[in-house]
Structure formats: structure tokens, C-alpha cells
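We have chain A already, so just place chains B and C on it with the hints.
Chains as they are written, first to last, in my numbering: chain A, 60 to 423; chain B, 851 to 1118; chain C, 763 to 1033.
Hints are computed from structural coordinates only; laboratory data are not their basis.
Among the clues, some could well be false.
From the derived model, a few chain A residues whose C-beta atoms are all more than 10 Å from chain C [said to hold, decoys possible]:
id, residue
1, Gln65
2, Asn72
3, Asp131
4, Asp151
5, Gly167
6, Thr187
7, Pro193
8, Asp259
9, Gln336
10, Ala397
11, Ser419
In silico lysine-lysine, DSBU-like type, Cα no more than 35 Å apart, as pairs [what the hints assert, rightly or not]:
id, chain 1, residue 1, chain 2, residue 2
12, A, Lys175, C, Lys926
13, C, Lys884, B, Lys998
14, A, Lys112, C, Lys926
15, C, Lys798, B, Lys907
16, A, Lys198, C, Lys926
17, C, Lys926, A, Lys245
Glycine is no exception: its CB is placed at the ideal position from the N, C-alpha and C atoms.
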Amino acid sequence: MSFEFQASLAARNFHMSLNLSDGETVAILGPNGAGKSTLLGVIAGLLRPDSGKATMGGATNGNSNRTLFNLDGGTRLWSPPHLRGTALLAQDALLFPHLNALDNVAFGPRSAGASKRAARETAQHWLTEVEALPLAGRKPAQLSGGQAQRVAVARALAAEPELLLLDEPMAALDIHAAPLLRRVLKRVLQDRKAIIVTHDVLDAYMLADRVIVVESGSIAEEGPTRRVLERPRSHFAAGLAGLNLVTGTLTSEGITTPDGRVFAGRHDPEWSPLPGQAGVAAFPPSSVSVFPGEVHGSPRNSFPVVITDLEPHGDQIRVRARSGASEQALSADITPAASADLGLVPGMDVRFVVKSALVSVYPS
Amino acid sequence: MSITGHRLRLMALLLAGALSTALAGCAADISTPAAPSAGASSPLSGEITVFAAASLKTTFTQLAQDFEAKNPGTKVNLSFAGSSDLVTQISQGAPADVFASADTKNMTKLADAQLVEGTAVNFATNILEIAVPPGNPASISSFADLAKPGVKVVTCASQVPCGAATEAVEKASGTTLSPVSEESSVTDVLGKVTSQEADAGLVYVTDIKGAGSKVKGIPFPESDKAVNTYPIAAVGTSKKKELAAAFIAMVTGDDGRKILADAGFGTP
Amino acid sequence: MKRIGSSYHGIPSWVFVIAGVGGLLVVLPLVAMLAKVNWPQFIPLITSESSLAALGLSLRTSAASTVLCIVLGVPLALVLARGEFPGQRLLRAFVLLPLVLPPVVGGIALLYTFGRQGLLGKPLEAAGIQIAFSTTAVVLAQTFVALPFLVVSLEGALRSAGNKYEAVAATLGARPTTVLRRVTLPLVLPGLASGAVLSFARSLGEFGATLTFAGSLEGVTRTLPLEIYLQRETDADAAVALSLVLVAVAVAVVGLSYGNRQRNKPVEVQP
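This is chain A alone, in the form it adopts within the complex:
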């Protein structure tokens, strides 16, 4: 392991530990206030935790491990931000307004002791790398948001960080600027140790090898990006992936929720369930149909729900509803015509029927 981190900060209810291999990019996903920015702040040395330890391994060049901080076991080792090799790229580009783009990018090399000329050469290289060389002479006030963010990426990379920290780098950009930056990031993050905090599942897919979902200050779920987004175990990851997630106890045909409803679905072919094990059922809203009123008898995968709200979703209407005593939130996508026919309004009692062929069931 190349980067090892573990820290607690009681004031923010923050307790996390994570590791990064060389060349690995990890995406941190999670709701607002989950501790994502706290994580980056602690790693970068801008925020001091109560306890914990972080080391940066030098596996590639044979150097011994470098300790970023160690507040465990009575030691108070705290390395200041400028000695950590962890460049931070924030939501705002935060380019130094008094320097032009070239000198902004040359800032890191200059701080490391390079001559003005050498630093500018390095800066030109990185500006080329982010497709921003023509902007070299511009002041930050003359750059658009996307241009500024690309220059900021070049500036962070020019500092040759061992670990690049990206705090929602795309969040402040308009939808036209984001694709270019995402493409640039995909190229430069290849084979680079990086942690990217994001709200966007596309970033996770495109940029990250691994995803860590954080909720209320701790890690809720982690794993390879594809696995987490296709087989989410946390509600947050399911929400990102656009899936309904129901938790319960595994049975041979699916799962049983705590209030006794049965979701039938398909298990992994190579896996046989242990009855009684905790599991989840995940299914897309498009697999859910909506019926009015009572349906007699109790067909499988059919549940009475109360509609909480309706909203457009692509060319469909997304119907959000709460189900049963456990108040699990479920969504269904139906056509606007169907919605109008049924006369759906919030507060209405309806039935959701889920096609069991589209329900994935796996242990949580």
C-alpha cells in the first residue's frame, strides 16, 4: 500500500481509514456533510484531527515511508501542508488573481526552488497537457470557469504531487465545460494516485478505479467502481446509480423486508444464499408499474404505497412513494400519459408492482 490513512475528528463526527495503491484513483461519494471535504482537508494538512496517522509510501522509487502525521500513541507529529506533496484542487479554481495562467502554473515549481525559466518551461508543458497553452498570458479574470479549472489542474500537476486531491472539480462548471475537463482529468489521472470527491456518478465511472461511499463521517461502502454502482449496498450509492434499494433478510426466492413484504428476484448465479443473511434487492424505477387502488389477493412483488411526489425524469414521470411501516422510499418511472390516466397526485394510495426478472438480490 502506498498511501495509508486513518483519522478521527470528534467535533465533525469523522472517523475514516483508507488506503491507496500506487497509480490508483479513488472516488469519494456521499451526501453533503458526510465528511468528504474534511477527509481532503485532513490529508492536505489544512485540518488537524484528534487522532490518527497517515503515511505516504515511496514504493516506486525505493524511498522509505514518509509520515504525514501521527497523532497516535502520544506522538504529535504534524507535517505542514507544504511538505506533504498533496496538491489540492478545489471546486473553485482559486487561481491567484494577480498572476497570469502561466505564472499560476509555475507557482509550484517556483516554490520548490526552480529557476523562473525552468518553472515557466514546466508550466508550459502542463498547460499543453490540459489543452490550455493558448491561455498562458491571460489573467484569471479573463478565463471562463472551465478554462480556469483546467489551468488549476495544470497548476496542481506542475507541483508534482504524490497524491492529487480533487474536491468536486466539476461542480462549479456549466454542462458545456465539464466534458473537456473530464477528458483532461481522465488522461492525467491515469497511473496517478488521486482522490476525487464528486457528486457525479459519471466522474466515478470515468475517472476512478475504486469508489468509497461515505455517510455521516464514516465509510458506508467501498469497492471497484463498477461493482459499487451496479450492486449498491448503501442507499446513497443506489440513489447515485438510479436504483431502488430495499434491505431485508435473504430467502431462497429473494428477500423479506422487516415488515414482512417479499421481494422476489434473481440471485447471482454463482452464489447460493444463506437463509437469514442480511441482503438487499436492487431494481431500476423502470421495472416498476403503478396501479390504482386495491389489487385483490397478494401477488408477488406488489405493494401498497403512498405517493410523496411526482417529477419529470427524461421523457418519463418519476413517481416517488413510501412503502409500508418501514417507510422505504421507492421510485417508479411511467409515461406522462399513464400518469394522467391514473390521475396521480401526491398523497394518493396506489400499488407498485415490480417485475421480478429485473430485481437483483445480493447480500449486503
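Using the frame of chain A, we list chains B and C on its own:
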């Protein structure tokens, strides 16, 4: 609700400001005709305002109290400042009834402006004395000692009366001083000596008396080359000539002489 | 009167009346003074030996105290704006005290610090350094009263700039000194400049503390305000003429600072 309250308070404040300005104007207007008619043989009554040089503060405060005690129903308002300041103020219309100057020059200035009633009377003299801190650290014993190298002397600037007097003494004695500071008032000179910043300062005898134990006075014979004379006069624009004349009579009379002499003033 | 396309200002009309009165209160005395100037004698009055000595001394000491204000005030403002330590609020209150203190009180306080019998003055005198009655005393007095202007102005600039840029610069590998030199100071340069200008103007107008602490001797400690005060005793025309010079210098300095601030307005971002 809170916005309205705020605005109301603001308005009230503005209104209060405007009113007080207006009232102040009125007060100044009505006070003059309210004075008792002149020529009445009845006992003195009413208020007068006396503008006096700063060096007269102690003595004139005493004199005003005595005057009020002897003439029940009268009130003497006192205003002390530098003589030239007072002349400026009176010229600009300040409501003074009596002016007591620390020098004849400023009285002449006021007379030239046609603001002196009758002729001014000299009522006191004052001479310079050397003021040193209690221990006399520079061992000053004569005027010539002030010119010794290394002695920090503070004097008045030549533009102010005490500075003019200092210059006159220098000329008469042939001793040239190189002061470390030339202050614009006696108070500033005295302050530099009491704080022991200066080894010696040249001020009036009365200032040293007034400062008590904080400074020690060293008289020197050359001081009679620059005797400062204090004139007093009623102000031409005064509406209370009788009261003003009575106050001047007290200052120049035996009672005044005694109080002034006690404070170190000489007799003209 | 109304300009086409001017935006709604929302100011009640009576506010303009009171604002006008307020403006007059400031401007009218200056006009009155202008009217009193003895123009035919103006040039001889302000070019007399003592006037030039006072003006020269004022400019020199004000420049020196402005430099001193920057040297001492920048670290103070940084510590107050960025630091977190016990007693910070108390320190700020004390640093700002000279703003509300009558200058004479400042002079007395300085006297008991740097005077011959003062807290520091005594050991300094023993070491052969005399401050009382010297130009150094004038500079000290001016710095004492002018320092808060620089600190307040710079601390405000530092606070509104925030420390985000500094944090980014640090993660890029810049040592704290490099961050200060290459990021913080350039960012707050407009605030620093206007603070320095205000300090200079305040130093130029300093009177009370100088009179109490430094004394008054032509060419050494008698600055322009002290000269005006003294001239007033005998030569009102000279006092008015010199006052006008002081007003002119102050207007130029403040105008310079204001113009600076206008120029430093952020440029519109081009998309």
C-alpha cells in the same frame, strides 16, 4: 415592525439634533435683553462673562467667587485661554463683558478693533523665573547656566508672550539659549519640566507658584528686563457695563491686589 | 435630470437633504478658510523659511512613520486576521485604542514610555539614545496614532480575501514565507495601499501627541500642524495659508487612495 421602530428612532434623533440647534440659537438671542436695565441704583445683579488669560485661572476663579459672595444675585462666568485666542474669539463676536490679557499687545489689538470700553487698566505684572525639576539635576543657579552645553532648556516660542519675554532677557543679558523645544504655551513648557524631560524651562513666577512642589523656581536678576504687564478692560459690546466695571474695580482694588500678590504677581 | 437607463437607487428624497447638510458641514469650513486666504501674500507666506522647514519636516516624518506603520502593521494585521490565540480580541482592542484616544493622552503615554524618566526611555538614555525632543520622537508619536489605520484597513482586506488562496498555495508546496510574499501580500495590496495612505495622512495631521511628547523646534520637531498652531498667535494670514497647504496635501493623498481603489475594482469575467 423593527424597521418602523428603527426609522422612528432615527427621525427622533434627527429632530432632537435640529431642535437643540434651534434652541441654542434662541437662548443666545434672548439672554441679552433679559439683563437688568442699566443705571438702576439697586444692588448689582445678573451675569457677566469674563475672558481671562490662562495664567489668571487660579486668581480669577478666587476673585469671581469673592465677587459673587459680596454681590448676591450676581454670577461670573469665566473663560480661560491664551490671550490671542481670546482676542480672536471676542473679535468674532464671543459674548465677553470683561477681558483680562496677559500682555499689553493683545489688549492693544482689541482696542484697535474698537472693542475696548474706555481705557484698559494695568492690574498686575509678571516676570520670568527658571523652573527646574525638584532635584535640580542640571544644577542651574543663574540665567547664564541655561546656556551651558548639555543642559536641556525649554522655552516659549517667540510668537507667544512668554517667548517674547525670554528673547528680551536674552538680549539684555547677552546670553543666547539654544532650547531643545520652543513651545507655544507656558503650560507646555511647564509640562516638559514636571515630567523631567527638560532640565529647565523659562516660565512666569506665577506658573511656578501654581505648580507647587512639582517644580522648583530659581529667580534671576535679568528677569526685570522683561516685565509682563496684565491689563484689564470692559469689552465695548458688553450690555452689562455696570457689572463689568464693578468686577474690574474689585480686581484692581485691595482685594484683588492681595489675591494676585499671593499668587506671585507683582504690582504695576 | 434623470439619466436614461440609470438603475433604481431606492433612496428616499429626504435622505438627500440631510446628506447635503452633512456634506456642507464638511465642505463649508474649507470654503470659509479659502475665502480668508491672503492670496497676494500666499506664495511668500508658504515659502518662508519656517514654513518650508515645517512642511519638509512633516513630509519626511510622515513618510518615515508610514514605513514604520507598514513594517509593524502588516505583521499585526496578519496575526489579528489569521491567528487564533488567547487574548486576540484584547490585542485588537488595544491596537485600535489610539483611534479613539485623544492625541494628547497618546502623547502623555508615550512620554512615560520613551521619555527620560520613562519605562524604556531610562535604559535607552543609559545606552546613549535620547528620544525626547528629537525627530525620532515625532516619528514615534505619528506612528502611534497612525498604526491603527493601517491595521484596520489591512485586517479588513485580509478577512475579505479569506485564506483559501493561502491554503491552495501551501498544498502546492509553498513555505509560509513564500505564501505571504507571493500570494497574501499581492492579494491584499489595494487594502495595504489605502491603509498606508491613510496612515500617511494621519501622520501628516498629527498634532497633540507630538506637542506633548516631542516638543516644538524648527526643523527638528516643529511639524506643519505645530507651525500653524504657533503662527496663529501672531500671523493669522500665515496660519491660514499653511492650513490650506495641509488641506491640499491631504486632499491629494486621499484622492490618490480613492482613485487607486476605483482602478482596482475587479474586471468583469469574460466567458
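Subject >> Hints that the structure is at odds with (numbers, increasing) >> reply: 4, 5
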